[in-house]
Structures are given as C-alpha cells and as structure tokens.
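Residues 139 to 299, numbered by our numbering, are exactly what the sequence shown covers, in order.
Derived DSBU-like pairs: lysine-lysine, alpha-carbon spacing no greater than 30 Å straight-line:
id	residue 1	residue 2
1	Lys-161	Lys-217
2	Lys-217	Lys-263
3	Lys-236	Lys-157
4	Lys-263	Lys-161
5	Lys-236	Lys-161
6	Lys-217	Lys-236
7	Lys-236	Lys-298
8	Lys-157	Lys-263
9	Lys-157	Lys-217
Pairwise CB distance ranges, derived in the manner of DEER restraints:
id	residue 1	residue 2	range
10	Ala-299	Gly-229	30 to 38 Å
11	Gly-160	Arg-291	27 to 35 Å
12	Thr-255	Ile-290	32 to 40 Å
Source of the hints: derived by calculation from the structure; they are not laboratory data.
Owing to the predicted nature of the structure, the values given are computational and were not obtained by experimental measurement.
A virtual CB, placed ideally from N, CA and C, is assigned to each residue, including glycine.
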Amino acid sequence: MSFLQKLLGSMLGPRVRAKARGKTIDQLAAQLGETFERLEPLYARALDTAGNREAFNHWIGIERWSQSRLAVARGAQLKMDRYRGYRLAEGATLDELKTAFRQTRIETITLARQLATEEVDPNLKIPSNDLGDLTVTEWLQYIDDHSRRERIRLRLAPAKA
Numbered sequence: 139m140s141f142l143q144k145l146l147g148s149m150l151g152p153r154v155r156a157k158a159r160g161k162t163i164d165q166l167a168a169q170l171g172e173t174f175e176r177l178e179p180l181y182a183r184a185l186d187t188a189g190n191r192e193a194f195n196h197w198i199g200i201e202r203w204s205q206s207r208l209a210v211a212r213g214a215q216l217k218m219d220r221y222r223g224y225r226l227a228e229g230a231t232l233d234e235l236k237t238a239f240r241q242t243r244i245e246t247i248t249l250a251r252q253l254a255t256e257e258v259d260p261n262l263k264i265p266s267n268d269l270g271d272l273t274v275t276e277w278l279q280y281i282d283d284h285s286r287r288e289r290i291r292l293r294l295a296p297a298k299a
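Model the full structure from these sequences, guided by the hints.
So this is what it looks like as structure tokens:
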C-alpha cells in the first residue's frame with residue numbers, strides 16, 4: 139500500500155464509520171438510490187472528456203469491487219484483489235460508461251436489499267484494502283460516499299435555463 143493510500147485510508151475510514159453509525163441496511167439502500175437520483179442530472183451534463191471517462195470508469199470499478207466484498211456477507215469467498223479488474227475496458231465511450239454506472243448502482247441497491255431481506259448481520263466485518271475492516275453498513279456508506287464525494291471530478295456542460 140502506498141503512502142497516499144495509507145493517508146487516504148486513515149482519513150476516510152473514520153469518516154465512513156461515523157456516517158454509517160446508526161443506519162440500517164434498508165436505510166442505506168434507500169440512500170444509495172436517492173443519491174443517484176440527485177446526482178444523475180449532473181452525470182447527464184458530463185462532457186465527453188478523457189477525465190470524465192476516467193472518473194466514471196473509476197466509480198464503476200470501485201462500486202463493483204465493493205459489491206464483491208459485500209457478497210462475502212452472503213457466503214461468497216473473499217478475494218483480496220484490487221478494484222482495477224472491475225472497470226470497463228479502456229476505450230469505453232462516455233455513453234457506455236454512464237450506462238454501466240447506472241446499471242452498477244441498480245445492482246448495488248439490489249444487493250443491499252437482498253442483504254436486508256436475508257437479515258445479514260450488519261456488523262459483519264469484511265476487509266478493505268485501504269480502510270481496514272468495514273461492516274456491511276460501512277461498506278454501503280462507503281459506496282454512497284465515494285460517488286458523492288468524487289462528483290467534483292466531472293467537467294460539466296452548462297446547465298440549461
């Protein structure tokens with residue numbers, strides 16, 4: 139782990155834990171949907187730039203990687219891999235990336251609802267590469283916080299009046 143990753147982990151871990159405290163899996167599933175609905179108009183205005191394509195692909199990779207960690211709560215084997223393998227192939231268009239991000243978020247919300255329905259222990263800890271062990275609810279908060287926090291990366295077309 140690089141120094142920067144350690145530094146980010148030391149700052150983000152406590153933030154995620156604090157924001158997840160007291161929330162249920164159901165609440166976080168709803169929060170994930172609300173955040174996406176609130177931010178989708180920004181995503182629609184994203185210009186087709188290399189930076190925006192990279193941002194969307196990064197979000198897709200992180201969210202899919204996080205899904206694989208959450209699947210451990212449903213009995214899947216833990217893979218201590220990196221997020222890069224969950225990204226779309228280089229060269230994906232902005233439209234392909236936007237569609238994939240929307241689909242990935244739908245899959246995350248579906249997974250969260252399954253975890254709630256199956257009454258998975260919300261305090262079950264699953265390792266993160268950089269943030270230490272996170273509970274199921276902390277993982278869901280991390281996913282929501284990640285795309286919300288990093289929306290500032292997008293270069294947007296002007297809003298229409």
